[in-house]
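Peer 1: If you read the protein sequences in the order shown, they are chains A and B.
Under our numbering, the first sequence has 82 at position 82, and the numbering climbs by one with no breaks.
Under our numbering, the second sequence has 1013 at position 13, and the numbering climbs by one with no breaks.
Derived by calculation from the structure, the hints in this document are not laboratory data.
Treat the hints with caution; some may be incorrect.
[As the list claims (entries may be wrong)] A few chain B residues facing chain A, derived, Cβ under 8 Å:
#1 Gln1255
#2 Ala1263
#3 His1264
#4 Thr1268
#5 Ala1271
#6 Leu1276
#7 Asp1278
#8 Gln1282
#9 Leu1298
Idealized CB from N, CA, C, for every residue including glycine.
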Amino acid sequence: MKLLLVEDDPLLGGAILKGLREAGYSIDWARDGEEGWHFLTTGEYDGVVLDWMLPKLSGIDILRRHRASGRETPILMLTARDGTADLVAGLDGGADDFLVKPFEFAELLARLRALVRRRYAKHESVIRVDDLEVDLGRREARRGGQDLALTAREFALLELLTLRVNEVVTRTEIWNRLYETDDDSTSNVVDVYISYLRRKIDKGRRRLIVTRRGEGYMLRSTLCARPSDDDC
Amino acid sequence: MRASLRRRLLIQTSAIVFLTAAAVAGFVWWQMNRSLRQGLDALLRTEAAALASRVEADEGRIEFEYEPGSLRHESAENRPLVQIITPSNQSIFSSREIPQASDLPGQVMRHAAAASIAVFDTHLVTGRPSYRVFATLVDPVVEDGDPAGRAPAVQQKVWVIVARPLAPILGTLRQLAWTLASAVLAATVLAVVAGYYVSRRGTQPIVSLANHLATIDAEHPELNIDARRMPVELDPIVTTTEALLRRIDSELTRQRRLTADLAHDLRTPLAGVRALLDVCLQRPRENSEYKETISVALESLRRFTGMLENVLVLARLDAGSEVLRMTSVAVDELVSESVATLRPLALSRGIRIEIEGASGMAIMADRDKLQKVLTNVLANAIEYSPAAARVSVQTRSLNERLEIHVADQGAGITPDNRERVFERFFRADASRAEGAGHNGLGLPIARGLMRLMGGDLNMRENQPRGSDFVLVLPKREGAAV
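Only chain A is shown next, with the shape it has when bound in the complex (with noise of 0.2 Å):
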């Protein structure tokens, strides 16, 4: 999963962005209202920590224009400032949750994930796809009751097949929500990790990642009773 997120301090920015990347995300980091605005119209996200208070363009300014512009894409406001005003005027300007500095970070992971769920309809964090488990909160996965040993670019490939389960996603999507901005790496790159998972979960089993030729890759349940490629 790929997030942004926005925040001028450096120390704070900085540790934020340490404990997200151990927490399996990828993340782009804009340290100014600006940047900020530009990473958000340029890519895809599927979480954003926005800080309140930014030079050049504020987290609420910021806010707006996003929802104006009729994206959806969830949100999370970071705010110091005293008071219930900046609360509900967030949450009036389409942010989807709040925290306010000092935090707990672990209750910053639990509410982004609470957050990328809700985008893809999901109630629990642990996912279950025919005798597929994927628990988003560990980060583990099992197949019939057996660990996967998979790497955290791994888990987080399968982690976004299994949200949007029973849907094409293409190459670009994953490879936009598995790498960071100023990554060097090609789009090439998810069909090596493609099969790199497949490997693991699909090998000797029925086959769960399917592939759409010419669109993208697919995790498939069962519930989707057509042998053929198609959508179900």
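With chain A fixed as given, assemble chain B onto it according to the hints.
Peer 2: Leaving out everything else, chain B in the frame of chain A:
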């Protein structure tokens, strides 16, 4: 008893009505008095003339033909009195009713003096009702047909005196007086009643306004009044109150903003340290990483402590509890200490610091605070200077004060912001300052400290570019120049 607008209006209106009515009544009565008396005098004059025409001189004798009852009268008491006498007091005729005790002729003579007419009031007899007397000195009518040749005797004039009682007039006037008095009383009572309602209704807008003011919310003061529905006399009150409430509201907003900004500035460094430590403990790390994390946390806390101290200084300045220790301070030592402290920073940016004019100067000040101000301002100048520029510290001694100018060649500050930089949490760039660790409190504190010492801190434009911060201190006794 407190003054009451309504009571005052009521009393004043009633008093005015009363006084007006009384004046009108008095005038009416007085006019009636005059008119009645004039009528009486006219009547007396006519009667006297009629009587005079009956006085005949016949061969030296004076005769008077009088028919009792010929003069008009309403009743026996109001019968007119007639007396005809010669100047030598010889009575030709006298009405029966004239009291014995009265000396009518004598009174007439006295009133007439040398004139031939006398008109006056008299009681005739003390204690009895009064009369109006009209007396005139006339020539008797000479009868025609005197035998020719006989020379008439010396003509003798006679006094014709007519008197009428004043009782009828006085009676009418008394009745009139009672009627008028009743009318005045009635008018006054009416005025009181009407005045009560008028004063109540008239002052109602004031009561309404007061009630409206009572509904104002102290947290969000605002006057929601349609001024067109208010009487025009209340406009000044409404306008002034609205202006006052707007000022209060903006002051409250300013204070809320300051508190919010302060909260932000205190929370952010703590949030950073907390996140840093939280994340560090998420998983096992190398020792070197732990060391690095701990150092960063410590540095952060150090900076945070510095800022907290600033906040506390401001709070003490606000509360007036910041204590001064004034001594004679050698300016050159002070300046060189500040410069020495900032030399590493200046060197790292290639800035040259030039000192001028400080030698031999001394001034009364709190040494620590002055040092803090100078160091703060100088650090500002160095940080906002472009690389390899020049910062000058120039001390000037003027008549009543000492000035230390810290001038840089940086970008300067726009004229609008020149005073605003001394506002708390003000940052010239939209929401945050560019420099690390700047929290918008340095300059407000510096100025607060200078003013506490009796001086000031101002900012001017430096030529050709940049800012010139001026520390001002007054010269007192004991300061060497």
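Peer 1: Hint by hint, which ones does this structure get wrong, listed from lowest number up?
Peer 2: When the structure is compared with the hints, numbers 1 and 9 turn out to be violated.
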